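Chains A and B, in that order, give the protein sequences. Just so you know, we're using the numbering used here here: the first sequence kicks off at 5 and counts up by one. Just so you know, we're using the numbering used here here: the second sequence kicks off at 5 and counts up by one.
Watch out, some of these pointers could steer you wrong.
The list makes no distinction among identical chains, and a pair is therefore deemed to hold if it is satisfied within one copy or across any two copies.
[Claimed, not checked] Lysine-lysine pairs mimicking DSS-like chemistry, simulated, CA-CA at most 27 Å apart: (1) LYS145 with LYS66; (2) LYS112 with LYS42; (3) LYS115 with LYS66; (4) LYS45 with LYS108; (5) LYS66 with LYS112; (6) LYS45 with LYS115.
Read the hints as simulated data drawn from the structure, not as lab findings. Computed from a predicted structure; not experimentally measured.
Number of protein chains: 2
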Amino acid sequence: MLNKTVARNFLVITTIFLISCTTHKGETTMDTNLIFGKGNKAPGAIFTNTVWVNMLHTDEEKVFDTQVYDVVFEPAARTYWHSHPGGQILLATSGSGYYQEKGKPARKLEKGDVVAIPPEVVHWHGAAPQSEFVHIGMSTKVHEGPAAWAGPVTDEQYNEATAE
Amino acid sequence: MLNKTVARNFLVITTIFLISCTTHKGETTMDTNLIFGKGNKAPGAIFTNTVWVNMLHTDEEKVFDTQVYDVVFEPAARTYWHSHPGGQILLATSGSGYYQEKGKPARKLEKGDVVAIPPEVVHWHGAAPQSEFVHIGMSTKVHEGPAAWAGPVTDEQYNEATAE
Numbered sequence: 005m006l007n008k009t010v011a012r013n014f015l016v017i018t019t020i021f022l023i024s025c026t027t028h029k030g031e032t033t034m035d036t037n038l039i040f041g042k043g044n045k046a047p048g049a050i051f052t053n054t055v056w057v058n059m060l061h062t063d064e065e066k067v068f069d070t071q072v073y074d075v076v077f078e079p080a081a082r083t084y085w086h087s088h089p090g091g092q093i094l095l096a097t098s099g100s101g102y103y104q105e106k107g108k109p110a111r112k113l114e115k116g117d118v119v120a121i122p123p124e125v126v127h128w129h130g131a132a133p134q135s136e137f138v139h140i141g142m143s144t145k146v147h148e149g150p151a152a153w154a155g156p157v158t159d160e161q162y163n164e165a166t167a168e
Numbered sequence: 005m006l007n008k009t010v011a012r013n014f015l016v017i018t019t020i021f022l023i024s025c026t027t028h029k030g031e032t033t034m035d036t037n038l039i040f041g042k043g044n045k046a047p048g049a050i051f052t053n054t055v056w057v058n059m060l061h062t063d064e065e066k067v068f069d070t071q072v073y074d075v076v077f078e079p080a081a082r083t084y085w086h087s088h089p090g091g092q093i094l095l096a097t098s099g100s101g102y103y104q105e106k107g108k109p110a111r112k113l114e115k116g117d118v119v120a121i122p123p124e125v126v127h128w129h130g131a132a133p134q135s136e137f138v139h140i141g142m143s144t145k146v147h148e149g150p151a152a153w154a155g156p157v158t159d160e161q162y163n164e165a166t167a168e
């Protein structure tokens, strides 16, 4: 009888610890991904698959000449090909993604990577096929004008760029 | 005899789970604080207490007109009073800190907060007394010139600003 009680207690308590561990890991992962919150679903006309954009600084008053945003790409989601007349800087903060300039091999991006994209360079950025990807983006020298969009990164282009 | 074996197994296995939980939490906390790595210890002439600065984009080639850096403030560490001729944007990513403009109450900062500091506004930023604080910083319109430094935030000023 005592055996059974001890065994049952053992089962109950280890189950609680297992749930506790899982919950801690789950909460922390979510926190890491969401420093700034997901923002709004981005328009399909310039992104492929599901992307969330949180505008952190719009610079509507044109004081800083810089716009700042946080972008969450679901797996396989990416921007269309595009360029910025004033340049762009990306800071990868979570997950795995890619950056590719037209005509060059793609560069894999992980948390902590920085990409400085000079003005007029045609490129795309987005998530790896099997991983969410989060980056902060800065559009610099925005007085030069808005981004120019140049059509989707096709599945064929994306698969070739992200093949490992 | 069986009782003792079950009880001992119970003790060993719950201990393993406890250690496992603690380790997971520890690792994840460190990762969250260090998206970009700590960088270099910052000079004492413009900071009070220990601060680490990781330059993410220096813009030496003057292409983006923007410098980007990650700053880790140990508890009670802060910048001197200063201003930027081209402005500055801060993105709080971890811990608790403060931002104060000269002559105004301090604003408490937590993960996800954004501060846009217009040109020439005298201010300081740093950690809360009992918490590390990490922010990304952007110096915008750097062609306007470097920051102007105006002496330390005294312990009296800091204590008054951060009293809750």
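Comparing the hints with the structure gives:
no. : hint              : verdict
1   : LYS145 with LYS66 : both (10 Å within a copy, 11 Å between copies)
2   : LYS112 with LYS42 : both (23 Å within a copy, 22 Å between copies)
3   : LYS115 with LYS66 : between (30 Å within a copy, 25 Å between copies)
4   : LYS45 with LYS108 : neither (29 Å within a copy, 37 Å between copies)
5   : LYS66 with LYS112 : between (33 Å within a copy, 26 Å between copies)
6   : LYS45 with LYS115 : both (22 Å within a copy, 22 Å between copies)
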